[in-house]
Amino acid sequence: MTRALGWLAVVGLVAGLVMGFAVAPREVTQGNVQRIMYVHVPSVWVAYVAFAVVFVASIVYLARRAEGADHVAHASAELGVLFTGLTIATGSIWGKPTWGAWWTWDARLTSVAVLFVMYLGYLLLRGMIDEPERAARYAAVLGVVAALNIPLVHFSVYWWRTLHQPPSLMKPGGSSMPRVIVWALLVNFAAFALVYLYFLARRVRLLRLEAEAAA
Amino acid sequence: MPDNWGFVLAAYGLAALVLFAYWRRLIRREKELSASMPGHPMSAPASRTSLE
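Sequences listed follow chains A and B, in order.
In this text, residue positions in the first sequence follow numbering that gives the first Met the number 0: the first is 0, and each later residue adds one.
In this text, residue positions in the second sequence follow numbering that gives the first Met the number 0: the first is 0, and each later residue adds one.
No lab work stands behind these hints: they were computed from the structure.
Warning: the hint list may mix true and false statements.
Said to hold, decoys possible - Derived SDA-like pairs: lysine to any residue, alpha-carbon spacing no greater than 25 angstroms straight-line:
#	chain 1	residue 1	chain 2	residue 2
1	B	K30	A	E77
2	A	K95	A	H153
3	B	K30	A	T1
4	A	K95	A	T1
5	B	K30	A	A3
6	B	K30	A	A68
7	B	K30	A	V203
8	B	K30	A	R2
9	B	K30	A	L206
10	B	K30	A	V9
11	B	K30	A	K95
12	A	K95	B	A15
13	A	K95	B	D2
14	B	K30	A	A212
15	A	K95	B	W4
16	B	K30	A	S174
What the hints assert, rightly or not - Between beta-carbon pairs, the in silico distance windows are:
#	chain 1	residue 1	chain 2	residue 2	range
17	A	E26	B	A20	39 to 45 angstroms
18	A	R25	B	S35	49 to 55 angstroms
19	A	A65	B	L13	33 to 39 angstroms
20	B	G5	A	W158	33 to 39 angstroms
21	B	G5	A	P150	33 to 39 angstroms
22	B	W4	A	A100	46 to 52 angstroms
23	A	V113	B	K30	50 to 56 angstroms
24	A	A62	B	A20	45 to 51 angstroms
25	A	A210	B	G12	19 to 25 angstroms
The beta-carbon is built from N, C-alpha and C at its ideal position, and this holds for glycine as well.
Could you put together the complete structure from these sequences and hints?
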């Protein structure tokens, strides 16, 4: 199953590259630098999914004390941090030629940076506590609280005046983007989601193995 | 607007590097743990591929 998921992710990534470089046209205003969006946008969507999984798994853990739910939350938080880091880095690389700055303390960028630091804190908290049950319990509470920042990140572009543009796809009234660009984004999102699922399966298996080795 | 291919390559290169490095880290850690628990059912035989 994990193996099939791994190969599906590879196929998805190749399809994403084909969509991003061969099928999607050169964007009129930004030029080819807009192709960075096919990595940047799917990365943040997958990060949202990963943190939503942390939220749900943390609630399940707090309700049932199921070790499996804790492993899912831990693995998903790690992947969420990975994809948020990728979002920030690729956004910064896109921002330099487009905005003329690697970084600006805009509401969207700042709220994403806060999200990144919160989940980094989640991973640090887990690492700091030696007793596994206590680490899982404290992390689950933080996993629930930190998720409150996700809507703040998404709606920050509406609630504050920002340099970052509002959502192009997930916005009221539907997308005004050309269909081919929407498809390129969706194919890349599917590919990144497969990568996330593959990594999640492997990381959960590894956490189980680590728990057995420590027992 | 200039195309800035260098920035495009940097973004895609960085993404590829990060994902590949994370994958390698998972494989390496799994192998280390499997080696330390030889009788464990999750210990991978040598014939399996890394994507498994």
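Hint check results:
| no. | hint | in the structure |
| --- | --- | --- |
| 1 | B:K30 <-> A:E77 | holds (20 angstroms) |
| 2 | A:K95 <-> A:H153 | holds (22 angstroms) |
| 3 | B:K30 <-> A:T1 | holds (16 angstroms) |
| 4 | A:K95 <-> A:T1 | violated (38 angstroms) |
| 5 | B:K30 <-> A:A3 | holds (20 angstroms) |
| 6 | B:K30 <-> A:A68 | holds (24 angstroms) |
| 7 | B:K30 <-> A:V203 | holds (15 angstroms) |
| 8 | B:K30 <-> A:R2 | holds (16 angstroms) |
| 9 | B:K30 <-> A:L206 | holds (13 angstroms) |
| 10 | B:K30 <-> A:V9 | holds (22 angstroms) |
| 11 | B:K30 <-> A:K95 | violated (41 angstroms) |
| 12 | A:K95 <-> B:A15 | holds (20 angstroms) |
| 13 | A:K95 <-> B:D2 | holds (13 angstroms) |
| 14 | B:K30 <-> A:A212 | holds (13 angstroms) |
| 15 | A:K95 <-> B:W4 | holds (13 angstroms) |
| 16 | B:K30 <-> A:S174 | violated (46 angstroms) |
| 17 | A:E26 <-> B:A20: 39 to 45 angstroms | violated (30 angstroms) |
| 18 | A:R25 <-> B:S35: 49 to 55 angstroms | holds (52 angstroms) |
| 19 | A:A65 <-> B:L13: 33 to 39 angstroms | holds (36 angstroms) |
| 20 | B:G5 <-> A:W158: 33 to 39 angstroms | holds (35 angstroms) |
| 21 | B:G5 <-> A:P150: 33 to 39 angstroms | holds (36 angstroms) |
| 22 | B:W4 <-> A:A100: 46 to 52 angstroms | violated (20 angstroms) |
| 23 | A:V113 <-> B:K30: 50 to 56 angstroms | violated (36 angstroms) |
| 24 | A:A62 <-> B:A20: 45 to 51 angstroms | violated (35 angstroms) |
| 25 | A:A210 <-> B:G12: 19 to 25 angstroms | violated (36 angstroms) |
Comparing the model with each numbered hint stated earlier shows that hints 4, 11, 16, 17, 22, 23, 24, 25 do not hold.
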